[in-house]
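K.L.:
In case you want the letters, here they are:
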Amino acid sequence: MRITVKYFGQISEITQKEEEVLEIYETSIAQLLDRIYSKYEKLKNKEFKIAQNRELVDMNTEINGSEIALLPPFAGG
Amino acid sequence: MRITVKYFGQISEITQKEEEVLEIYETSIAQLLDRIYSKYEKLKNKEFKIAQNRELVDMNTEINGSEIALLPPFAGG
Amino acid sequence: MNDKKPKNVFKSGPISFEFIGDSIYKHQTKTSIGAHNIFLGQVRADNIDGKTVSAIEYTAYEDMANQKFHEIRESAFEKFNLTCMHIYHSLGTVKAGEICLFVFVSSPRRKVVFEALEYIVEAIKANVPVFGKEIFEDNSHQWKVNS
Amino acid sequence: MNDKKPKNVFKSGPISFEFIGDSIYKHQTKTSIGAHNIFLGQVRADNIDGKTVSAIEYTAYEDMANQKFHEIRESAFEKFNLTCMHIYHSLGTVKAGEICLFVFVSSPRRKVVFEALEYIVEAIKANVPVFGKEIFEDNSHQWKVNS
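Residue numbers (the numbering used here), protein chains in the order written: chain A, 527 to 603; chain B, 527 to 603; chain C, 87 to 233; chain D, 87 to 233.
Derived from the structure by calculation, the hints contain no laboratory data.
Some hints here could point you the wrong way.
[Stated by the list, open to error] The list that follows gives simulated cross-link-like pairs (lysine to aspartate or glutamate, DMTMM-like), each with its CA atoms no further than 25 Å apart: (1) K568/B to E143/C; (2) K181/D to E208/D; (3) K211/C to E201/D.
Kindly generate the complete structure, drawing on both the sequences and the hints.
P.N.:
Spelled out as structure tokens, the structure:
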């Protein structure tokens, strides 16, 4: 399955990119995160939430969307 | 003692004046009010508060100020 | 900001949107401020027994009112960590749709401005001797009472 | 007022005082309104470890953010008897002293606008994916976190 992973704010400072397309076999968010951590080790020290198709999800959520986003703490307003 | 009595809003519609100077012998607000009621009978049906020298007072207050005001319900804002 | 003498809060006629915009602009130099909260009272074209309010004519016991505004101001500065506070109220005729009350508070933090603004507006409504004559389209009138 | 599709809440750069004044002016035709309440977020020149914030650079997950703004809007209209609601947020650079958030609610009655405005501002702070890079005068930076 092909998904787009989006990185924002201080997360994108570490990944050095705002998004990338990944071909994945992982079925849960937790599994996908393991893969992302192995690519960008420094992310392990960062706080972020995860959205799937623009809705916040937790680690056990199954991947069924095409867009996963890593969202650092919000700072609106 | 000489005092100025001020009338506002719907009170001044009844008294037909915004203020008047009265020579008084009354010593309490209640006594003064009796005199004012006898002059302007329609005031008996009206709701108002009383201020002496710009501070709200009650009926039993002694008159020691030079300015008494009859204040109908507030409508600021 | 926190001066000790009552100042004149009243403005003749409606409070213009240019005046409000300008007040906001003037706070750009105050860079410790993080949050502004503004209350605007607008004259409603209320329909009462089939007649529509076209304007309110405001009068006040001005000396006492300015003193009360001053007390509200002092007590709000004591209660809340405010950087600035401004209050303006109309006297005279304000048409339906126009602004008659402008209260503006500013603070480093947002929680403070919400509390402070509501406190100030409620205190104005309850304690300041301002009177409003609601003028209907047929030129009859009734006296407004705050609820 | 209560349209059903998310609209774009973002504006490039600071929100100008002319824009705010103009928004107020436009409500003069809505004569059922008795009370407006406006929240403005202003960028603070915070001093952090001896360095002063000169600007915040805002970015957002725009699609999700506009959807969240839309949900906040819908839920506020459901909870409160509001006549109008407007929300604008900056993207890009906003200097210290400039406005980055403008929330504007209007209702026939004042109690409603106080509750509604605080609800909306808190929901924005908590739920909308907007990110802020605080730029110091020496061009170093840190990432802002809402408290």
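K.L.:
Decide, hint by hint, whether the structure agrees.
P.N.:
Outcome of the hint check:
no. : hint             : result
1   : K568/B to E143/C : 23 Å, holds
2   : K181/D to E208/D : 23 Å, holds
3   : K211/C to E201/D : 18 Å, holds
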